[in-house]
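Participant: In case you want the letters, here they are:
Protein chains: 2
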Amino acid sequence: MDVPLHEQIAADLRRRISSGELPVGAAVPSESQLCTQWNASRGPVRQALTALRAEGMIGGGRGKPPVVRRQALSQPFETFLSFSRWVHGLGRTPGQRTLEVARRPATAELADELDLDEGDPVVQVLRLRFIDETPTMIERTTFVEPVGRLLYDYDCDSGSIYAYLGEQGVDMSNARHLMDAVAADATDSELLGIDVGSPLLRERRRATGLDGRPVEYSDDRYRPDLVSFAIENSQRAQPAFARNWRSAS
Amino acid sequence: MDVPLHEQIAADLRRRISSGELPVGAAVPSESQLCTQWNASRGPVRQALTALRAEGMIGGGRGKPPVVRRQALSQPFETFLSFSRWVHGLGRTPGQRTLEVARRPATAELADELDLDEGDPVVQVLRLRFIDETPTMIERTTFVEPVGRLLYDYDCDSGSIYAYLGEQGVDMSNARHLMDAVAADATDSELLGIDVGSPLLRERRRATGLDGRPVEYSDDRYRPDLVSFAIENSQRAQPAFARNWRSAS
Numbered sequence: 001m002d003v004p005l006h007e008q009i010a011a012d013l014r015r016r017i018s019s020g021e022l023p024v025g026a027a028v029p030s031e032s033q034l035c036t037q038w039n040a041s042r043g044p045v046r047q048a049l050t051a052l053r054a055e056g057m058i059g060g061g062r063g064k065p066p067v068v069r070r071q072a073l074s075q076p077f078e079t080f081l082s083f084s085r086w087v088h089g090l091g092r093t094p095g096q097r098t099l100e101v102a103r104r105p106a107t108a109e110l111a112d113e114l115d116l117d118e119g120d121p122v123v124q125v126l127r128l129r130f131i132d133e134t135p136t137m138i139e140r141t142t143f144v145e146p147v148g149r150l151l152y153d154y155d156c157d158s159g160s161i162y163a164y165l166g167e168q169g170v171d172m173s174n175a176r177h178l179m180d181a182v183a184a185d186a187t188d189s190e191l192l193g194i195d196v197g198s199p200l201l202r203e204r205r206r207a208t209g210l211d212g213r214p215v216e217y218s219d220d221r222y223r224p225d226l227v228s229f230a231i232e233n234s235q236r237a238q239p240a241f242a243r244n245w246r247s248a249s
Numbered sequence: 001m002d003v004p005l006h007e008q009i010a011a012d013l014r015r016r017i018s019s020g021e022l023p024v025g026a027a028v029p030s031e032s033q034l035c036t037q038w039n040a041s042r043g044p045v046r047q048a049l050t051a052l053r054a055e056g057m058i059g060g061g062r063g064k065p066p067v068v069r070r071q072a073l074s075q076p077f078e079t080f081l082s083f084s085r086w087v088h089g090l091g092r093t094p095g096q097r098t099l100e101v102a103r104r105p106a107t108a109e110l111a112d113e114l115d116l117d118e119g120d121p122v123v124q125v126l127r128l129r130f131i132d133e134t135p136t137m138i139e140r141t142t143f144v145e146p147v148g149r150l151l152y153d154y155d156c157d158s159g160s161i162y163a164y165l166g167e168q169g170v171d172m173s174n175a176r177h178l179m180d181a182v183a184a185d186a187t188d189s190e191l192l193g194i195d196v197g198s199p200l201l202r203e204r205r206r207a208t209g210l211d212g213r214p215v216e217y218s219d220d221r222y223r224p225d226l227v228s229f230a231i232e233n234s235q236r237a238q239p240a241f242a243r244n245w246r247s248a249s
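If you read the protein sequences in the order shown, they are chains B and L. Residue 72 in the UniProt record's numbering sits at position 72 of the first sequence; the count goes up by one each step and never skips. Residue 39 in the UniProt record's numbering sits at position 39 of the second sequence; the count goes up by one each step and never skips.
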């Protein structure tokens, strides 16, 4: 066996946490349970738990049994791009209501983001996104015209635009996400059922193909009491990040 | 020479952008300028520019000269942890005003984050941070007591707490950053000179040592018109992220 036992134990625990078998807040199996399960001594079990603790996946006070802190250290690229796929991965039900699919001339700002000239046609989609029927996010997405025109034949209320565009052969291999905060405007307020001026977590996303050509630019606004973004970094390992959800209280 | 010419050209441009020699918004040297500088043909120059475009470091419309979009694709771990070091890297002047250094019993929430028991002593620092004398961020940082007590002998107005703690041998090898948005409270409002309720970009950070033991937990609130966080990901490469700054308008 090439993989040391402590790494096998750690990998199995990561899998159980990522799958939701061990949800956030759940007690991590005790050392003696893990020793029995793996027919292992305390050494590798403690090594595995130390690794997960260092990754921030589990935590807990001194002398208290450790609990799960986070769903996943890192989420696959597609999950981070697609709201629908992310919510499915949480074991929840994604939903969407399309307010608008419009062909418009690009503004100067959008032209700059999409490497177009001002006035070039773009296709814009405004959708309200749900998790388990709770309005959670508003997406204002602009596609370059050759991609956006594919949406004229698609029911944007039916599910994931990204899955559909992927099936159509659209290449969105790279994405840049800019996180900041904005005050809810009248549209945000009405659709999310919050006060005008309430703080929203904004993700501005620019997706490009392998060749670096922009495909879409989006302004997504999340209710910050429901969604946050996590970044993990260390002096040793590659950074990882995840979109986190907590259910409405 | 092991490194292909187009990679050398790309690396040099990245260095010039990261150092601020080519700031955000600046025109990228033209193809013919780069050909002359490198005594190269158009091929490798175009390859280098395509790579930077794919990384999102440069952009611009068709037929328009490309401009610099971002300062850096990824920032070193220390830069992401330390506000002072990050601001120095921007070629700007970091500043701080310490409002409070206090020893307190840990609340239940802090005890959970720091793997302590409720009521265990912690050391809390409240500082207003500046970039070029503009109030930009408020940090509310809580240290475990053995680390925090080192600050009793340190002037928190004098510079980077992280640099100081590092010199004292404190190990902060890992960090998790949770990004969301909050409304400015009375303290935020007064210190940052903004309205109560204004949206702020919040970073909650938990730093741990190599052994996974928590060292600090911080609630940092940024003016979102000045600072954003960027995440880059792709199907091919490791994710990268950066803290971005734009000067007050």
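In case anyone wonders, no lab produced these hints; they're calculated from the structure. Mixed in with the good hints, there may be bad ones.
Said to hold, decoys possible - Derived CB-CB ranges, DEER-like:
no. : chain 1 : residue 1 : chain 2 : residue 2 : range
1   : B       : D211      : L       : R16       : 21 to 31 Å
2   : B       : P146      : L       : E167      : 47 to 57 Å
3   : L       : V24       : B       : D120      : 39 to 49 Å
4   : L       : A11       : B       : H88       : 36 to 46 Å
5   : B       : G119      : L       : Q33       : 26 to 36 Å
6   : B       : S32       : L       : Y154      : 40 to 50 Å
7   : L       : V196      : B       : P105      : 20 to 30 Å
8   : L       : P65       : B       : D185      : 52 to 62 Å
What the hints assert, rightly or not - From the structure, some residues in chain L lie toward chain B, with a derived Cβ separation under 10 Å:
no. : residue
9   : D180
10  : E190
11  : G193
12  : L210
If you're wondering where the values come from, they're calculated on a predicted model, not measured in any experiment. Cβ atoms here follow ideal geometry from the backbone N, Cα and C, with glycine treated the same way.
Participant: Which of the numbered hints are not met once you compare them with the structure shown?
Facilitator: Structure breaks hints 3, 7, 8, 10, 11.
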